[in-house]
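Novice: Please arrange chain B on chain A, whose structure you already have, making use of the hints.
Quick note, the sequences are listed as chains A and B, same order.
First residue of the first sequence? That's 3 in the numbering used here, and the numbers climb one at a time after it.
First residue of the second sequence? That's 4 in the numbering used here, and the numbers climb one at a time after it.
Any given hint could be a false lead.
What the hints assert, rightly or not - In silico DSSO-like cross-links for lysine-lysine, where the CA-CA straight-line distance does not exceed 27 Å:
1. Lys24/A to Lys11/B
2. Lys11/B to Lys21/B
3. Lys21/B to Lys217/A
4. Lys171/B to Lys217/A
5. Lys214/A to Lys171/B
6. Lys123/A to Lys11/B
7. Lys304/A to Lys84/B
Just so you know, these hints were derived from the structure itself, not from any lab.
In case you want the letters, here they are:
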Amino acid sequence: MTGSATTAIAGTNKRKVGVWKKNQRALAPWIFLAPGIAMFALYVIYPIIASMWLSFYDWDGLGTKTWLGLQNYIELADDEAFYTSLKNNIIWLALYMLAVPAGLFIALFLNQTVTGIRIYKSLFFFPFVISQVVVGLIFSWFYAPNFGLFYNLIEWITGTGVAVLADDRYVTYGIIVAGLWPQIAYCMILYLTGLNNVAPDQVEAARLDGAKGWKMLWHVILPQLRPATFIAVVVTVIGALRSFDLVSIMTDGGPYGSSRVLSFYMYEQALSEYGYRMGYGAAIAVILFAIMMIFISGFIWKMIRDERGV
Amino acid sequence: MFPIAIEKTSPSIQFLYKLALPVALILWLLPLLGVAMTSLKPSSDLAAGNYFGLPSYLAFSNYADVFNNSPIGSYILNSFKVTIPTVIGAVAISCLSGFALAVYRFRMNLVLFFLFVAGNFVPFQILMVPVRDLTVSTGLYNTITGLALFHIAFQSGFCTLFMRNFIKGLPFELIESARVEGVSEFRIFWYIVVPLMRPAIAALSVLIFTFIWNDYFWATVLTTSAETQPVTAGLYSLNGQWIAQWQLVSAGSIIAAMPPVLMFFLMQKHFIAGLTLGATKG
Numbered sequence: 003m004t005g006s007a008t009t010a011i012a013g014t015n016k017r018k019v020g021v022w023k024k025n026q027r028a029l030a031p032w033i034f035l036a037p038g039i040a041m042f043a044l045y046v047i048y049p050i051i052a053s054m055w056l057s058f059y060d061w062d063g064l065g066t067k068t069w070l071g072l073q074n075y076i077e078l079a080d081d082e083a084f085y086t087s088l089k090n091n092i093i094w095l096a097l098y099m100l101a102v103p104a105g106l107f108i109a110l111f112l113n114q115t116v117t118g119i120r121i122y123k124s125l126f127f128f129p130f131v132i133s134q135v136v137v138g139l140i141f142s143w144f145y146a147p148n149f150g151l152f153y154n155l156i157e158w159i160t161g162t163g164v165a166v167l168a169d170d171r172y173v174t175y176g177i178i179v180a181g182l183w184p185q186i187a188y189c190m191i192l193y194l195t196g197l198n199n200v201a202p203d204q205v206e207a208a209r210l211d212g213a214k215g216w217k218m219l220w221h222v223i224l225p226q227l228r229p230a231t232f233i234a235v236v237v238t239v240i241g242a243l244r245s246f247d248l249v250s251i252m253t254d255g256g257p258y259g260s261s262r263v264l265s266f267y268m269y270e271q272a273l274s275e276y277g278y279r280m281g282y283g284a285a286i287a288v289i290l291f292a293i294m295m296i297f298i299s300g301f302i303w304k305m306i307r308d309e310r311g312v
Numbered sequence: 004m005f006p007i008a009i010e011k012t013s014p015s016i017q018f019l020y021k022l023a024l025p026v027a028l029i030l031w032l033l034p035l036l037g038v039a040m041t042s043l044k045p046s047s048d049l050a051a052g053n054y055f056g057l058p059s060y061l062a063f064s065n066y067a068d069v070f071n072n073s074p075i076g077s078y079i080l081n082s083f084k085v086t087i088p089t090v091i092g093a094v095a096i097s098c099l100s101g102f103a104l105a106v107y108r109f110r111m112n113l114v115l116f117f118l119f120v121a122g123n124f125v126p127f128q129i130l131m132v133p134v135r136d137l138t139v140s141t142g143l144y145n146t147i148t149g150l151a152l153f154h155i156a157f158q159s160g161f162c163t164l165f166m167r168n169f170i171k172g173l174p175f176e177l178i179e180s181a182r183v184e185g186v187s188e189f190r191i192f193w194y195i196v197v198p199l200m201r202p203a204i205a206a207l208s209v210l211i212f213t214f215i216w217n218d219y220f221w222a223t224v225l226t227t228s229a230e231t232q233p234v235t236a237g238l239y240s241l242n243g244q245w246i247a248q249w250q251l252v253s254a255g256s257i258i259a260a261m262p263p264v265l266m267f268f269l270m271q272k273h274f275i276a277g278l279t280l281g282a283t284k285g
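The shape of chain A in the complex, shown without the other chains (with noise of 0.2 Å):
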């Protein structure tokens, strides 16, 4: 029994190779592919679908689902704080952009090589590499009431110090400034790479044609920090729309809600003492998936574009 057992499993050994050896070519890369596709499906591709799914009902997280049909998003139409999450969003998107043309800036500042240069480089790149929690628990500390360095420079300059964080006025503005630290860092570095490849030949001739400073970045420089352009505004519109690691560190989403983000709002939603609203919370996060696809449809439209054209 056992002599035919090996018998016949060499001869399926044979068999497969045989298969194997025809089809290697076609076979491999789904070899190759099946972990990653597979860990993929199951923590991103099926979520997305599960999510959009469950904004159809009322349920928390616990209990039996509750059919609802539109009935989430309906409500959606009627909250204010969706409103004003909306709205934060976009000043955060509109306030963030900012970390492209600043991040070109201290690039252009520091693309110099006296002695030294290198080490500005990378402690000009420092907040980029520190967490959001910690850069948070930072500036809290720069705006905190009666001590913080900010409050005391306005309250020099002004008679009166503003205690950002708890003025629903400020507190969106002062959480992008914090947010804007790291990005405009990053940002930096991507310019400072770019900057690199910059062919010195070409500036030389547009300086023989007479062009100098705006005439120059405009016309000869920025076009070829083109790629560098583009990797730093799709890092900065989607760090802007993912927002919500400083507005849980900083304040909460408050005061009063005032500085809550579509993120933040999901996650209040669904999962903190306000409640375990599932549903609601996937409606909310299925409208700021449908925002963000707008906006990666365009990248991935543009990234097709040059793999075709390579």
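Specialist: Here is chain B on its own, set in the frame of chain A:
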């Protein structure tokens, strides 16, 4: 060089530039310097209103206090326990899938590639509830394994994009000639491509280490207790306990920031190469 190479300017401008550098740096890092200084102040200084002056003495004891009076040691350990397997897992998976997407022509190739790219950009909130349910139902909720598994899966999107672009840049003739010699696809991957991927693996490892170490959202969604939480989530809960003890909050922040900062300085070249791969080509 734009705007102009500094060594071609007049000595006075050169002098001004060299003066502006440290001034700009200090302004840029002011928030961080403030925190670093606060972390070394004795609590009596803060009680007496000395927020900006120099510490009356260097209270290194704040750092000891953070370790003695809080579970920050175990938070740090948890961070390593999540981060290291994630780096290994995500890099290994993406070596495989990046190789497949870079080397083989098949229908679906670009579709899969862009699925990985797009997945990498989605907002975490759309994944939150189902991923949480998934970890609860598999018994991995509030475990380091559960957190690491999610990170591996999610990061494999970005890593695949990265690896695929890197392998695309390798000389394809190497693979072609090996195929002509009859070398099997797996041997090509293991003996020819993987050794060439070393710089990409290094760059990606540093980058993923930083991303995962600094993750806060998933740490709060998938873990709840001091036994499992990484240092980012831990620091947030400690911040609540240390109300107005800024010297401890500051020391804790500096401790939490240390590992990625060290990693960055040790592997700077790889780190920046990783961040900017793709940004400069094309």
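Novice: Tell me the hint numbers this structure goes against, listed in increasing order.
Specialist: Going through the list in order, the structure violates hints 1, 4, 5, 7 and respects the others.
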